[in-house]
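Chemist: Here are the chains, one letter per residue:
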Amino acid sequence: MTYIPHTDSDREAMLAAIGVGSLDELFDRVPEALRFPALNLPDGQSELEVAAELNGLAAANIHAGDYAIFLGAGAYNHFVPSVVNHMLLRGEFYTAYTPYQPELSQGTLQAIFEYQSMMCALTGMDVANASHYDGATSLAEATTLARAHFRGKRTKIILSPGVHPQYRAVARTYHQGNELKFVGDKGSATIPDLIDMLDDDTAMLVVSYPNFFGQIDEFAGLAQAVHNAGALLCMVVDPMALGLFKTPGELGADIVIGEGQPLGIPLSFGGPYLGFFATRKKYVRQIAGRVVGETVDKHGRRAYVMTLRPREQDIRREKATSNICTNQGLMALAACVYMSAMGKHGLRRAAELCYHKAHYAAEQIDALEGYSVDMSKPFFKEFVVTCPRPVDEINEQLLEQWGIIGGYDLGQDYPDRANQMLIAVTEMNTKDEIDTLVEALRDPDAHAGHEHAH
Amino acid sequence: MADWKTPEDLKYTENDEWIRVSGNTARIGLTDYAQDHLSDLVFVELPDVGDTVTKGEAFAAVESVKAASDVYAPASGKVVAVNSALDDAPETINSDPFGDGWIVEIELSKPTDVDDLMDAAAYAKHCADRE
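If you read the sequences in order, they're chains E and G.
Okay, so the first sequence: first residue is 1 according to the numbering used here, each after it adds one.
Okay, so the second sequence: first residue is 1 according to the numbering used here, each after it adds one.
Only pairs whose alpha carbons sit at most 30 Å apart, straight line, appear in this in silico DSSO-like list of lysine-lysine:
(1) K282(E) - K78(G)
(2) K431(E) - K246(E)
(3) K78(G) - K153(E)
(4) K66(G) - K282(E)
(5) K55(G) - K66(G)
(6) K153(E) - K55(G)
(7) K282(E) - K153(E)
FYI, nobody ran anything at the bench for these hints, they're computed from the structure.
Required output: the full structure, derived from the provided sequences and hints.
Modeler: The structure is reproduced here in structure tokens:
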């Protein structure tokens, strides 16, 4: 099948019109030695042979399904119901590129509107956008909003050290070269310490809920203190936790952001993921990203359109609310399908399973000689274990000999947390897997000499 | 539509702002020609009282159903009042561009800034030339 519509006589007519004798003549400015080089390619293979080769390459990788996973730190092994893929893989959704013309894309626009609405319900906010690349980008955009809101008159952004280290790094990278100062996260400041940093130069204070260590901080009085200082409160949240805990809206947040990967998106070796962004109505004209709105057509029928467009680059150029003008449409759809399929009660049930399994694991591990779990604050699905040996040593044994992917080595990001492992437990971890992890930590050498085959 | 209003007591810029000077202060807004071409206004982004404005630089922005536009300062000074009624009723600029649709009042830092602006007749011609 030919995909090029020109016929030979079309080509002849075009060449004649521009006074060129042949197609080759169009390239005569390219040095002869560089024209149509001889390529040393192997012969083409059949589909059967190509499939065999690619499957061989893919089999060299281990994947989430092969191992018991206790690694989280921002991306989690949660259950993805099969209905999610059934919707995502539909050609109308999967292959369409920026399908936002209302005349043609009511399905897509409605799905995004519903995603936005569900994120508002989940976070307790008034308005959500159609998403950003990931949680880290969402934090960068929240910072942009804070900067724009105060028109450059406030230059300080207070970051809790409990916010994901990569998010904090991305926010700094994004804003390098401008007048903003990021403070508060170099040590181990508590919420009261961060409140002490508030002054009339503070544009925004950012906390994480749960924090990077899985804990729920005490937020009483935080929103009030931030607002008394005239600043904005931003909360970075795990959407799965919101199945169980109070919404950030109830806690007084002005901006709520986070990583939507737990909502029906697989681990995928780091992406694509889903940055969600929700805020109060009064800030809506300052947010970045696409926003879908509901209206009526000329016959009075409900219809969906992209709205509040003058925030975006194609209209405001350098005065747009962001230099990034895209979203994660397919991932937002995944989250929308997931939340619809799970519903309020399903999401709560999944969160409860995470909570109870994590607490079971924490108790068992804390009872092990040489290990201790930080249970000083309430926690959701992750907890910090202080180990008797370096984390990377333990993880290597767990992987090679037990078929377990162990937790995150916190010493990489927090110098005073050497030998501390961040363990994540989700609804996907069975009791047997947790018991095996405990056994492996108790006596890692028990399986020495047994290579875990996959 | 020809015959846009151009009050005699005002001065005008090429970007379709008007300025009414009284003593050391001045009121600034958008002209009838501007509101007609922008069509229905839906949002006005006002500066803060106390902000400095510089002649020729954007100090506010308006959004209509058709476009988003910057509003440029006809003269330099300090903002002493903003028309916050425009927050809830941006369409006032369409219905009464020279009266209730005013945008800001400034204290002029350099009163001679207005000397090179157009008078009503010159501005009316400027509008006609662009049609």
